[in-house]
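In case you want the letters, here they are:
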Amino acid sequence: KQWYQRRVRGSRYRGEVGDIVVGRITEVQQKKWKVDCGSRLDCQLQLSSVYLPGNVLRRKNLNDELMMREYFSEGDLICAEVAEVGNLDGMLKIHMRTHEKYGKLPEGLLIKVPSVLIKRSKLHFHRLPCNATVILGSNGFVWVGPHFIPEQPIEAISMTLRETIARLGNVIRALAAYGVQLFDTIILTGYDISLKYKVKELLKPEVMEHIAQESYEHSQHQTL
Amino acid sequence: TFQHYFKRINLRRNDLRRSGLTMVTQLSNAEVQFIIDGVEQDFRSDGRAAEDYRQIELETRVLPNTNGSARCKLGKSEVLVGVKAEVVDVDVHAPHIGKLMITADLSAVASPKFVGKGSEALENDITNVLSFLYNSTETVPLKDLCIVKGESCWLLNIDVLFVQCGGNLFDVASIALKAALYSTTLPTVRVSGEGIEMEMEVSDDPYHVWKLDVSSCPICVTLHQIGSSFAVDLSEEEVACSEGYLHVGVMPDGEVSSMEKAGAGNIDPTTLLEMVEVGVRVGEEIHRQLNKQLDAERSLAKL
Numbered sequence: 001k002q003w004y005q006r007r008v009r010g011s012r013y014r015g016e017v018g019d020i021v022v023g024r025i026t027e028v029q030q031k032k033w034k035v036d037c038g039s040r041l042d043c044q045l046q047l048s049s050v051y052l053p054g055n056v057l058r059r060k061n062l063n064d065e066l067m068m069r070e071y072f073s074e075g076d077l078i079c080a081e082v083a084e085v086g087n088l089d090g091m092l093k094i095h096m097r098t099h100e101k102y103g104k105l106p107e108g109l110l111i112k113v114p115s116v117l118i119k120r121s122k123l124h125f126h127r128l129p130c131n132a133t134v135i136l137g138s139n140g141f142v143w144v145g146p147h148f149i150p151e152q153p154i155e156a157i158s159m160t161l162r163e164t165i166a167r168l169g170n171v172i173r174a175l176a177a178y179g180v181q182l183f184d185t186i187i188l189t190g191y192d193i194s195l196k197y198k199v200k201e202l203l204k205p206e207v208m209e210h211i212a213q214e215s216y217e218h219s220q221h222q223t224l
Numbered sequence: 001t002f003q004h005y006f007k008r009i010n011l012r013r014n015d016l017r018r019s020g021l022t023m024v025t026q027l028s029n030a031e032v033q034f035i036i037d038g039v040e041q042d043f044r045s046d047g048r049a050a051e052d053y054r055q056i057e058l059e060t061r062v063l064p065n066t067n068g069s070a071r072c073k074l075g076k077s078e079v080l081v082g083v084k085a086e087v088v089d090v091d092v093h094a095p096h097i098g099k100l101m102i103t104a105d106l107s108a109v110a111s112p113k114f115v116g117k118g119s120e121a122l123e124n125d126i127t128n129v130l131s132f133l134y135n136s137t138e139t140v141p142l143k144d145l146c147i148v149k150g151e152s153c154w155l156l157n158i159d160v161l162f163v164q165c166g167g168n169l170f171d172v173a174s175i176a177l178k179a180a181l182y183s184t185t186l187p188t189v190r191v192s193g194e195g196i197e198m199e200m201e202v203s204d205d206p207y208h209v210w211k212l213d214v215s216s217c218p219i220c221v222t223l224h225q226i227g228s229s230f231a232v233d234l235s236e237e238e239v240a241c242s243e244g245y246l247h248v249g250v251m252p253d254g255e256v257s258s259m260e261k262a263g264a265g266n267i268d269p270t271t272l273l274e275m276v277e278v279g280v281r282v283g284e285e286i287h288r289q290l291n292k293q294l295d296a297e298r299s300l301a302k303l
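These protein sequences, in sequence, are chains S and U. Once you know that position 24 of the first sequence is 24 in this note's numbering, the rest is easy, because the numbers rise by one and skip nothing. Once you know that position 302 of the second sequence is 302 in this note's numbering, the rest is easy, because the numbers rise by one and skip nothing.
The following block holds chain U by itself, in its conformation from the complex (with noise of 0.2 Å):
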């Protein structure tokens, strides 16, 4: 049956090769083998359990011309998020909302196959889960957004970079959006007048702010099937044995607000819901670390 799989992996290589995944597309079967055993007995190759994170760091407010930003690395990957609002006119059918407008790039410095257009179909798949994600209006209050019902609203556009590539992208990405919104202050607007006379004064006094409440934004957690197992935070060498990946968004209370299958290959049913289950209990850490360094980061700043 491993020669079985093989031949599966073998044929997941030019996929993998050409969506820039994994920087690591050729493995000895010997290797994948060590890796797929490990990764089903629970202990990976460098000592992770299959529901262990590698070491994050986050810092925000790093970017100064913007409203609010952060820059996260996991493993060898790191982002750079930024967040900038403008006053836009809303949406005819959604007058009473603001919007979120999520990009992602690819800087040509991660890697030479990101010069030109070879990094477009990553970067397109990226923004589509990021967009998904925050799709609903459950996860940031877009009704805060709304500056006057009907005629103006803010938008917030958040560009998401990637410095350097080194496997598991949308999860070390959302992490980095949470913390950058977290982050972001918003100035406040005066409105005057009616109809015509509307008048919006937009505060130039930079301690005349308000944040933004993400007590219930999601974040990312990608799982990946190997073998006959599944696990997360995949590292390049992992990810080039692996085939179907599922990303869950995990709301901070252990809902789900979005579910994504992608990757070449199929994942077993019952499979799936035990991944759902892991991506919850793990997403749901993932939020109390995050929120518990972000409360501490705010407080070192008012001293």
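In isolation and in its complexed conformation, chain S is listed as follows (with noise of 0.2 Å):
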């Protein structure tokens, strides 16, 4: 049987066809977008692999090209699918398949992990209980922010919401340290464990240890 060790840090992410990733528009093109997704080259993003807005699926013409940047301008952040990896360089091409779950994301957190941490499951774009999304892009950008329609608008955040978020991103972070994997309900435990501690105690140490000790334990005990 053959082994192979994959490094935990310093390697960077590489795209595997049907991958879900968030990412970071950098530059406008010309009938494409480039968006960094923490791989060795930009991913592209085709203008013809996007829905235009009011879900509509056509063929863009000159107008459209013009428009890009009303759409998506740099800095933007993105979630989309891998649809393909370039022989050569290994360059990915992703695109917005469906309109329901892909598209610019709206106010929320950023945390990136590394990318190995991410298990590959069906999901990845997970609608918790307690009225938080967290996507878990494949390449190691975790978004974590309200339950949202994309292209809707979004209400004012409220303060509990507020802290579910805070909470959230600093479990996982916490569970990134430690080089625990992630997936949703190793995501939800540490957040049960962590509702013991204030939302800004989960930056200490101690707190980060303890919390991504408990949810691995936890989540062994349930697999077996």
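Read the hints as simulated data drawn from the structure, not as lab findings. All figures in this text were calculated on a predicted structure; none of them were measured in a lab. Cβ coordinates follow ideal geometry from the N, Cα and C atoms, glycine included. Any given hint could turn out to be false.
Claimed, not checked - Straight-line Cα separation of at most 27 Å, DSS-like style, residue types lysine-lysine; simulated pairs:
hint: 1; chain 1: U; residue 1: Lys-73; chain 2: S; residue 2: Lys-200
hint: 2; chain 1: S; residue 1: Lys-93; chain 2: S; residue 2: Lys-112
hint: 3; chain 1: S; residue 1: Lys-31; chain 2: S; residue 2: Lys-104
hint: 4; chain 1: U; residue 1: Lys-76; chain 2: S; residue 2: Lys-200
hint: 5; chain 1: S; residue 1: Lys-119; chain 2: S; residue 2: Lys-104
hint: 6; chain 1: S; residue 1: Lys-34; chain 2: U; residue 2: Lys-73
hint: 7; chain 1: S; residue 1: Lys-31; chain 2: S; residue 2: Lys-1
hint: 8; chain 1: U; residue 1: Lys-7; chain 2: S; residue 2: Lys-32
hint: 9; chain 1: S; residue 1: Lys-204; chain 2: U; residue 2: Lys-99
hint: 10; chain 1: S; residue 1: Lys-204; chain 2: U; residue 2: Lys-73
hint: 11; chain 1: U; residue 1: Lys-149; chain 2: U; residue 2: Lys-113
hint: 12; chain 1: S; residue 1: Lys-34; chain 2: U; residue 2: Lys-149
Claimed, not checked - Counterexamples of contact, computed for chain S against chain U with all Cβ distances above 10 Å:
hint: 13; residue: Thr-26
hint: 14; residue: Lys-31
hint: 15; residue: Leu-62
hint: 16; residue: Tyr-71
hint: 17; residue: Met-96
hint: 18; residue: Pro-114
hint: 19; residue: Arg-120
hint: 20; residue: Phe-125
hint: 21; residue: Leu-128
hint: 22; residue: Pro-129
hint: 23; residue: Glu-163
hint: 24; residue: Asn-170
hint: 25; residue: Lys-198
hint: 26; residue: Lys-200
hint: 27; residue: Leu-202
hint: 28; residue: Gln-222
What the hints assert, rightly or not - A partial selection of chain S residues facing chain U, derived with a Cβ cut-off under 7 Å:
hint: 29; residue: Gly-75
hint: 30; residue: Asp-76
hint: 31; residue: Ala-166
hint: 32; residue: Val-199
Reassemble the complex: the two chains are provided individually, in unrelated frames, and hints are given to aid placement.
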């Protein structure tokens, strides 16, 4: 049997077809956007593979090309799926297959963790029961924010929701700091364990270690 | 009004990119709005209030060939401070006091941006702010550093080396500086004779030393204006959303030793007064904790 070892830190994300990634737009070029996904090369998002406002998928004309920056501009966070992996250079081509989950991300928090820690599963887009959404991008970019539908404006974030988002963010950072693989149940376990601390106490190293350890043990018991 | 703010923040990005103050220079408007709303409601993205610092790690006497040294870690920023003393001629204009020379150095290890001359601008900024902090004779008792009035005095060469840059560089440097001065030991000098026959003997005995009095050493508290509010100890994402910032030099008794406004962007005059008030309050608390930990470390060493 052949074994291989993957480095946790220091290795960049290598995309595969079907991965869901969270990326940041770095450039607006002719008929395509360049997206930073934490891989060796920036990903490409073609104009022909996005839905226009109003959930319309049609052939894009010159007008659409000129309006590209109105749609996604530099700095915006997007959620998309990997369509192709380039043969020679490994450059990823991403697209937005449906309009319900892919698109520009609204107000929220972006946390970068080593991409190795994100387990590949069927679901990467999690609507958690505590009113927050967590998107676990396979490239290690994790987005935490309120429930949203792309293209629709969200309501102002209440104080309780803000606390929830901050708490989830700190729990994810704690798990990532101790190399624990991330998926929705372990994040929820970590969240429940963290409830006895104040949100800002979750930044202390001892507390982070405690949460990571207990969440990991809890998840091991569940699988047994 | 947010559109207006986003335009200003976008213009500031080039300033940030060049200065090296933060490695994060691109954020979406949505993220910026989230951060600003958080600071204005006194609940930031990681749960801290506007006045909360992150955990500070401190260790003194880490460099064996110096008179005093300290290593300080705040968030992702890590700084190493070394104090080396040498006997020099006094300044003609100030013949009865010693001298202090502070230099900041950004290591290329901290960021590829700091290779070669890339770090010069930020290094100058940090050097100037720290030197200004210790500008007055009331901070470090420079009279104690005088060996022979009109002739010789001690010159303390203080080197501040940034090993990792993760935001809030000025504050972490000033805390490490105070800790390094606290740990500084200077050899006793025996002066005999007068005039041309004067002889100075610097003691070789490692136990024949004296410590500096750091009870008036200030630290720098940096407050950034974000939206219509302000905060201390910003993470790199928060710095990318801020405009003007203020360095307040706070002494342990709550006196302000220096104040400097920096950054592209204006600060409201009423906000400025509030910022100084908060800076003094936060600074006093840091001094309290810092002194407690330094004393505890010193008593450990005695055991």
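Verification of the supplied hints:
A distance of roughly 18 Å separates the Cα atoms of Lys-73/U and Lys-200/S; the hinted pair therefore holds under the 27 Å criterion. Annotation: proposed proximity of Lys-93/S to Lys-112/S holds, straight-line Cα distance about 21 Å (limit 27 Å). Between the alpha carbons of Lys-31/S and Lys-104/S the distance comes to roughly 18 Å, so the proposed pair stays at or under 27 Å and holds. Distance check on the hinted pair: Lys-76/U and Lys-200/S sit about 17 Å apart at the alpha-carbon level, within 27 Å; holds.
Proximity of Lys-119/S to Lys-104/S is assessed by CA-CA distance (about 23 Å); at most 27 Å being required, the pair is judged to hold. A C-alpha spacing of about 36 Å is found between Lys-34/S and Lys-73/U, which places the hinted pair above 27 Å, so the restraint is violated. Taken as a hint, the Lys-31/S and Lys-1/S pair is broken in the structure, with Cα atoms around 46 Å apart against an allowance of 27 Å. The suggested pairing of Lys-7/U with Lys-32/S holds, with an alpha-carbon distance near 24 Å, which does not exceed 27 Å.
In summary, the hint linking Lys-204/S to Lys-99/U is not supported, as the alpha carbons are separated by about 39 Å, beyond the 27 Å threshold. At roughly 13 Å between alpha-carbon atoms, Lys-204/S and Lys-73/U fall within 27 Å of each other, so this suggested pair holds. Restraint check for Lys-149/U and Lys-113/U: not satisfied, since their Cα atoms lie roughly 45 Å apart, outside the 27 Å limit. Note on Lys-34/S and Lys-149/U: the hinted pairing is violated, with a Cα-Cα distance of about 67 Å set against a maximum of 27 Å.
Consistency note on Thr-26/S: stated as away from chain U, yet its beta-carbon is not over 10 Å from all of that chain's, at 7 Å minimum. Separation of Lys-31/S from chain U is adequate, the least Cβ-Cβ distance of about 22 Å exceeding the 10 Å criterion. The Cβ of Leu-62/S lies farther than 10 Å from every Cβ of chain U, with a closest approach of about 27 Å, so its non-interface assignment holds. For Tyr-71/S, the shortest C-beta to C-beta distance to chain U comes to about 13 Å, beyond the 10 Å cut-off, and the non-interface label holds.
With a least beta-carbon separation of about 16 Å from chain U, Met-96/S lies farther than 10 Å from that chain, consistent with its non-interface assignment. No Cβ of chain U approaches the Cβ of Pro-114/S within 10 Å, the least distance being about 16 Å, so the stated non-interface status holds. Against the 10 Å criterion, Arg-120/S stays outside the reach of chain U, whose nearest CB is about 26 Å from its own CB. With a closest Cβ-Cβ approach of about 17 Å to chain U, Phe-125/S is found to remain outside the 10 Å limit, as its non-interface label requires.
Distance check for Leu-128/S against chain U: the nearest CB is about 18 Å away, which clears 10 Å, and the non-interface claim stands. Here Pro-129/S stays apart from chain U, with its beta-carbon at least about 20 Å from theirs, past the 10 Å limit. For Glu-163/S, the condition that its CB be more than 10 Å from all CB atoms of chain U is violated, with the nearest at approximately 7 Å. Listed as outside the interface, Asn-170/S is inconsistent with that label: its C-beta sits roughly 6 Å from the nearest C-beta of chain U, within the 10 Å cut-off.
A beta-carbon of chain U comes within 10 Å of the beta-carbon of Lys-198/S; the shortest separation is about 7 Å. For Lys-200/S, the non-interface assignment is contradicted: its Cβ lies about 4 Å from the closest Cβ of chain U, within the 10 Å cut-off. Distance to chain U contradicts Leu-202/S as a non-interface residue, since its nearest Cβ pair spans about 7 Å, not more than 10 Å. For Gln-222/S, the requirement that its beta carbon stay farther than 10 Å from each beta carbon of chain U is met, with the minimum near 27 Å.
Contact between Gly-75/S and chain U, as hinted, is supported at the beta carbon level, the nearest pair being about 4 Å apart and thus within 7 Å. Interface restraint check for Asp-76/S: the shortest CB-CB distance to chain U comes to about 5 Å, inside 7 Å, so the restraint holds. This hint holds: Ala-166/S has a C-beta 4 Å from the nearest C-beta of chain U, less than the 7 Å allowed. The restraint placing Val-199/S at the interface with chain U holds, with a minimum CB-CB distance near 3 Å, inside the 7 Å limit.
This entry does not satisfy hints 6, 7, 9, 11, 12, 13, 23, 24, 25, 26 and 27, going by the numbered hints stated previously.
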